[in-house]
Amino acid sequence: MSTALGWLAAVGLAAGLVMGFGVAPREVTQGNVQRIMYLHVPAVWVAYLAFAVGVAGSIAYLAGRRPGADRLAHAACEVGTVFLGVNIATGAIWGKPTWGTWWTWDARLTSVAVVFVMFVAYLLLRQAIEDRERAARYAAVLSIVAALNIPLVHFSVYWWRTLHQPPSLLKPGSSTMPPEIVAALLVNFAALALLGAYFVTRRARLLAAEEEALA
Amino acid sequence: MVAAESLIRVAGLARVFGAQRVLDGVDLDVAAGEAVALLGPNGAGKTTLLKIVATLLRPTRGRATVAGYDCVREAEAVRALLGVIAHGTHVYEDLTAHENLVFWARLAGRSADRPPLAGALADVDLERHADARVRTFSAGMRRRLALARLGLGQPRVLLLDEPFAGLDQRARKWLEGRLEAFKAGGGALLMATHSFGRELGIADRIAILAGGRVALDTPRAGLGPEDVQRLYVAHTEDGS
Amino acid sequence: MAWKDLLVERRSKETLNALLFFSLALLFVFQFALGPDRERLAAVLPGLLWLGFILSGVLGLGRSFLVERENDCWEGLLLTPGDKSAIYLGKLAGSLALMLVVEALVLALFVLFFNVDLGPALPGLALVIVLGTLGVAAVGTLFAAMTAQVRARELLFPVLLLPVLVPVLLGTVQVTEALLLRESLAGVAHWLKLLVAADVVYLTIGLLTFDVILEG
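Residue numbers (my numbering), protein chains in the order written: chain A, 1 to 215; chain B, 1001 to 1240; chain C, 2001 to 2216.
Hints listed in this document are in silico derivations from the structure and should not be mistaken for laboratory results. Any given hint could be a false lead.
Label pairs and their calculated CB-CB ranges [stated by the list, open to error]: (1) Pro97(A) to Leu2066(C): 30 to 40 Å; (2) Gly64(A) to Asp2083(C): 52 to 62 Å; (3) Leu2155(C) to Gly1222(B): 48 to 58 Å; (4) Leu2066(C) to Thr162(A): 37 to 47 Å; (5) Phe2032(C) to Pro179(A): 53 to 63 Å; (6) Gly1068(B) to Ala2152(C): 33 to 43 Å; (7) Pro179(A) to Asp2083(C): 51 to 61 Å; (8) Gly100(A) to Arg2040(C): 19 to 29 Å; (9) Ala63(A) to Gly2035(C): 53 to 63 Å; (10) Ser2085(C) to Arg1133(B): 26 to 36 Å; (11) Gly64(A) to Ser1195(B): 38 to 48 Å; (12) Asp2083(C) to Ala52(A): 24 to 34 Å.
Note that the structure is a prediction, hence the values are computed from the model and not measured. Yeah, the Cβ is synthetic: ideal placement off N, Cα and C, and Gly gets one too.
Extracted from the complex, chain A is given alone in its bound form:
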C-alpha cells in the first residue's frame, strides 16, 4: 500500500508543481517568490491533519492498547512536525524578500511556532523513555494535552497580536482569491497529504520492524 501511495504522491507532486508554476498567476508585487505559498500553506494544513490523526491514534491506543495504534500516532506526529517545520522554513524564506525579515511575531507564525515546539517536545519525550510501552502511554497523554492546547494557543496568540497592532496585511492570499490560486492550493494540499500519508505508512512500518528486531 505504501508503494501505491508513493506513486500517487509523486504524481500529485508533479501536478502540484505544474499548478504552482504554470497555471497560477504571477503575483503582482512579489513576483515568483510568492509561489512558495503553494508549498507553505498546504504544508501547515497537512501538518494539522497529521496531528489530528496522531491524536486519534493516541486515544485509540489508550483505549485498546494496540501497538499498531501507537505506531500510527508516533509516525503521524513525527510527520506532522516535519511538515510544520517545512511550513516555518518556507515562511522564513518567503518572508525575507517580501517582508524584509526572516521572522516576525505575528499571530500565525507565533502560534505555529508554539505548536511546533510542543510536538518537538513530544518527540523528545518518546526518545527519552526506553521502555516502549511506557513511552507509548506517556506520549499519548502528551499528544492529547498538546492537541487540546492548540486552540488555546491560537486564541491567546491572536488576541495578543490584534490588540497591539492591526492584523498582518501580508497574509497569503486575500479574502477573494482567484479560482486558479485556490485550485493550485488544493492540488498541492492533496499532493502533500498523499506524501504525508506515504511517509506515515513507511515510518509506521519502520517502527514495527524495529520492534520485531528487538523482540
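Chain A is fixed; fit chains B and C onto it per the hints.
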C-alpha cells in the same frame, strides 16, 4: 505438578529490555502456605520477575496471575492482595514512623485511626519509636516499619527482594518468625535472595533462575547450604 | 497526599527556601538588566512578574516527585490500590499551596523593590494569580509524573511544560497589565475566560490520565 490453590502462577513469561532478553520463558507456581526462594546470579532477572508479578512491569510475552487475577489486565485486584518488600523502603525519611503509616493507610483508603496503627507498630516492636523520624532508624527498623505497613493491608501474597539484606541477627530471627506466621496463615511467598544459608530456612522450594529460565525447581527439604551451592554452581555455570 | 507533602516540606524547607532565593535572585537580575528607568520598568512589570512566577513554578514543579524518588517511594505509589487521581489532586494541592506562598512573597518583594502601588488592584490580582498558578500546577504535576523516572528530567520537564503554558502566560500577563493600569476587568474578560477554560482543560486531562501515567 500444580497445587490446586496456586496463589502465584507464572507461565511462559518473557521480558525484553531494549536489546536484552532478560526473561525468556519462565514457569513458576507458588501455592498458598508455600514459600519459594528464587536464586540466581546478578542480572538473571529475579528482580524483573518479581516486578512483573508485582504489576510494576509488563511482560513481553506470557502471563502472570495472582489468585487468578491477571497481573496486566486486572492489576488493581492484584495490588490489593500484594505485599512487597524491595530494595526501596517506601518510607519517607522526614516523617515519623507513625506518620508514615498514616500516610500509606490513608492513601490506600484505609482507616488511619491511632489504635490499629499503634497495634501494627507494636506488632513489629516499634511502638516506642512511633514518633521518631525515620531518618534516625537503622536498616532493621526500616524493614520492620515496611512490614508494619504491609500488615495493615493483610496481603495474601508477599514478594520479597532480598529481605534479609542488612539485617542483624536479632532482626533476621524476627523476620523469619513473621514470615513463618504468614505462611501458616495461608499466604504465598516468593523471595529473591543471594544467600544459601540460614535465610533459605523458610523456603519450601528453591528455584534457580539462569539464562532467562527456571533452570531448577526443587523442594528444599534435606538440602544443606553446600548442596544448594553445588546445585547453584551446576545450573548457572553455562547460563551466565 | 497534600498533607504528607506539606509536612515533609515544613520539616525540610528545602523547596521553599530554594524557590524563594531563586525568585530573589531573579528580582536582582531584572533590576540590573533593566536599569533604573522607572517608566520602562513599569511597562514590563507584569511580564517580569509572571516570568518570575513561571520560572520558579517550573523549578518547583520539576521537583514534585523528588521526595518520592529520593525515598524510593515511587513504587509504593504505583502499588497503591485504588484510584490514582487522588494522588494527582494531592500532589497538585501541595504544589499549589507552595507556589502561592512563594508568589505572595515575591509579589511583596516586587512592590518593595519596584515601588509599585497595588491598592485597588489587589483582589483582581489575587484572582488572576490563583487562576494562572492553578493552570501551571495542573499541567506541571502531570508532566512531573511523566518525567519523574526519566534520566534527562531536568531538561525535558521545562521543554515539555513551557510551550504548553504559552496561553496561560499570555493571559495572565494581559490581565495583570490591565489591573496595574487600573483598567476595568471587563476589557480583559475574554482573557479570564481563557484562563478558566485552560484550567478546566488541564485539570480534566490530569484527572483522567493520571491513572495511565502511574500504571508503571
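A quick look at each hint next to the structure:
1. Pro97(A) to Leu2066(C): 30 to 40 Å: 51 Å, violated
2. Gly64(A) to Asp2083(C): 52 to 62 Å: 22 Å, violated
3. Leu2155(C) to Gly1222(B): 48 to 58 Å: This hint holds: roughly 57 Å between Cβ atoms.
4. Leu2066(C) to Thr162(A): 37 to 47 Å: 42 Å, holds
5. Phe2032(C) to Pro179(A): 53 to 63 Å: Because 59 Å falls inside the window, the suggested range holds.
6. Gly1068(B) to Ala2152(C): 33 to 43 Å: Check passed, 41 Å falls within 33 to 43 Å.
7. Pro179(A) to Asp2083(C): 51 to 61 Å: 57 Å, holds
8. Gly100(A) to Arg2040(C): 19 to 29 Å: At 27 Å between Cβs, range holds.
9. Ala63(A) to Gly2035(C): 53 to 63 Å: 56 Å, holds
10. Ser2085(C) to Arg1133(B): 26 to 36 Å: Hint holds: Cβ distance 30 Å, inside 26 to 36 Å.
11. Gly64(A) to Ser1195(B): 38 to 48 Å: 45 Å, holds
12. Asp2083(C) to Ala52(A): 24 to 34 Å: Holds, since Asp2083(C) and Ala52(A) (Cβ atoms, about 31 Å apart) stay within the stated range.
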